[in-house]
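Read off the chains here:
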Amino acid sequence: MNRSKVLAKLVLESTQADVNLTVREHRGLQSVKLSRMLYRQPQVLTPARKDVLVVTPWLAPIIWEGTFNTDILNEQFSLRNATIGLTVFSIKTYMIFLKQFLQSAEMYFMVGHRVIYYIFTDKPEYVPYLNIQKGRQIIILEVESYYDHWQDISMQRMEMISNFCQERFHQEVDYLVCSDVDMRFSDHVGVEILSSLFGTLHPGYYGLNRTDFPYERRPQSQAHIPKDEGDFYYIGALFGGSVPEVYKLTKACHEAIMVDQANHIEAIWHDESHLNKYLLYHKPSKVLSPEYLWQQQQMDHMHDQEMIFSKIIRRKKLKVLKKNYQLKNW
Amino acid sequence: MAGMRRAPAGKTKCCSLHTVTFLLVTLFLVLSGTGFRILGNSMLGSRQAGVGKRGELDGLQAVEPSRMVYGQPKVLTPCRNDVLVLTPWLAPVVWEGTFNTDVLNEQFRLWNATIGLTVFAIRKYMVFLELFLQTAEKYFMVGHRVTYYVFTDRPADVPHVPLREGRRVEVLKVPGALSWQEVSMHRMQMISNFSQQRFLHEVDYLVCMDVDMKFCDHVGVEILSPRFGTLHPGFYGAAREAFTYERRPQSQAYIPRDEGDFYYAGGFFGGSVVEVLQLTTACHQAMVVDQANGLEAVWHDESHLNRYLLDHKPTKVLSPEYLWDRQKLGWPPVMKKLRFVAVPKGHLDIRGS
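Chains as they are written, first to last, in this note's numbering: chain A, 967 to 1296; chain B, 746 to 1098.
Hints may be right or wrong, so weigh each one.
Residues on chain B that point at chain A, a partial pick, calculated with CB under 8 Å [stated by the list, open to error]: (1) Gln817; (2) Lys959; (3) Tyr981; (4) His1057; (5) Met1080; (6) Val1088.
For the chain B half of the interface with chain A, some residues (derived, Cβ under 8 Å), not all of them [to be verified]: (7) Phe844; (8) Val848; (9) Arg868; (10) Trp925; (11) Pro994; (12) Gln995; (13) Asp1056.
Just so you know, the hints here were simulated from the structure itself, not pulled from any lab data. Don't be surprised by glycine CBs; every beta carbon is placed ideally from N, CA and C.
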């Protein structure tokens, strides 16, 4: 093992809270110097948020409004010329969500940075035409979905993302953000989310005890998590990281799904269950607060706590669109 | 595969499926020439993302993180409500209560990280070395591999201190200097030189510390990240205008009154070897320029460190728990632990030689 090569890799792989480093920039190990910026002084004796946890026990930041300075982060990422890939699956009837997803992404997602939208679809001809801002592009990846049930399609995503990580993503982008399509952006989602591996707190469970998390509880499943384990309940609809880390995650989840299939068991929340298992044992280097993925339907069931929730959730950035669940049973 | 571990309860791993898949992926990647990077990173379930993924490139070991039981992190309960625990650029500020040592130790153990600690024991400062090393043995990176790099002009006087397993002392002979300021300034140059010559090949992280100190409490892997600085204990509550930055525009270390995040202490900084090499090289070069212009920054290498960390923001910031002076500052309630403290000078004989 060539230690200096290994150590160069150590530096250049994104690490906890290290927003500076991306995988592709191996050439030139110089630290990029920020230009003069004016902003209020951070106050050591004044927490940014007093109502929520903003750092995990393994020192990964939890991204809440008020914890970060967008200008500083944008400057750090611009200097690195990072490119962000956004994967979305627009399969069968889910195509109807794509236009609003992309239009809202143009307004709110990584504005000012280089973005590639990877649209996985079985109907490339139906992908809507959109005016895309400079520095951003749409790449359509035609895939065959041999499944009929939405749960299977959901799980198939893991396989497809991992395949394309190898085939092209590692050469085209530095980071991958993997999102559900039945959503729209309603507020800034920027480089503050980027790190080597991130998950998002499910809006329905962030206030609960781990024993109430809907982890897969059957020991026969690869996604099994016992009642005394678990940090958070992550939502399957938004995760990401550097290409190598997303590759590892999706590959591991895909294989776990295959093992389950061979054992005639399906995890209770499908790919989301496997994602949770993976992130328990491979802790993310950033965690996105529920601001990043909001489901009003879910919140409607929690009347007592709505007041608390609305104070805590200052901004709702990605909203799940109300849909007729009949859609899922075509 | 070597080092594969099984978690006890309720979790089985399909080793052979992973092995076969891995070999096929490896073959594909090698044949398609996509390179070492992806190959190294195709380790299945092998690493916790976060600090350092060097281990993946170690070869075919797929070490599984094991099951751990600990209190659940509570999203609606901040760990500290009295201090800032995250900088505006999302670097953790490391205070007691913010981290779980067991979880972090597990992450770093899996990577088999080696930590280098540089300390300068030049001329009369040799008198501090024994206590420094003895207390480091008790509190510094216990359970991990450590190399103490002792820079000294008098190698024969380096005390023998019994060391735990996996730890060693390397004595590096350097010329003596006239004043503590000179020593302070030369540190940057020496660390930079030795980083290139040796440290890159021997350790993963470098921690650069003052010697006239002792450890009184845990200083562990929670501090490690590509680039870290420590909040100076005298200024953590001060407004930036009061920071003792270099204020003369002619100096390379100059910081205007309307800029500055924190005032970092020169006595405790570090990071990955590559990052420390860049930092110390840049600071040394800045000092050379100042010298050529007939200038010396007001707080010497500390001034240059502050300029550097303003332009290249640290990926972790250590709270003043990590560098304290009990005599001068007492023990305020915001400090839950005092980990690394100044040795009262009166207690040791430091007659000039």
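Tested hints:
Interface hint status for B/Gln817: upheld, as the beta-carbon distance to the closest one in chain A is roughly 5 Å, under 8 Å. For B/Lys959, the shortest C-beta to C-beta distance to chain A is roughly 24 Å, which exceeds 8 Å, and the interface hint is violated. The restraint placing B/Tyr981 at the interface with chain A holds, with a minimum CB-CB distance near 5 Å, inside the 8 Å limit. Given the 8 Å rule on beta carbons, the hint for B/His1057 holds: about 4 Å separates it from the nearest Cβ of chain A.
Annotation: interface hint on B/Met1080 violated; nearest CB of chain A at approximately 12 Å, more than 8 Å. Because the closest C-beta pair between B/Val1088 and chain A is about 25 Å apart, greater than 8 Å, the hint is violated. With a cut of 8 Å, the hint placing B/Phe844 at the interface with chain A holds, because the nearest CB-to-CB distance is about 5 Å. Annotation: B/Val848 was flagged as interfacial toward chain A, and the flag holds, the nearest CB pair being 5 Å apart, inside 8 Å.
Because the closest C-beta pair between B/Arg868 and chain A is about 33 Å apart, greater than 8 Å, the hint is violated. For the restraint placing B/Trp925 at the interface with chain A, the shortest Cβ-Cβ distance is roughly 28 Å, beyond the 8 Å limit, so the hint is violated. Restraint check, B/Pro994 versus chain A: the minimum CB separation of about 13 Å is more than 8 Å; hint violated. Because the beta carbon of B/Gln995 sits about 17 Å from the nearest beta carbon in chain A, more than 8 Å, this interface hint is broken.
With its C-beta approaching chain A no nearer than about 5 Å, B/Asp1056 sits inside the 8 Å limit, and its interface hint holds.
Consistency with the previously given hints fails for numbers 2, 5, 6, 9, 10, 11 and 12, ordered from lowest to highest.
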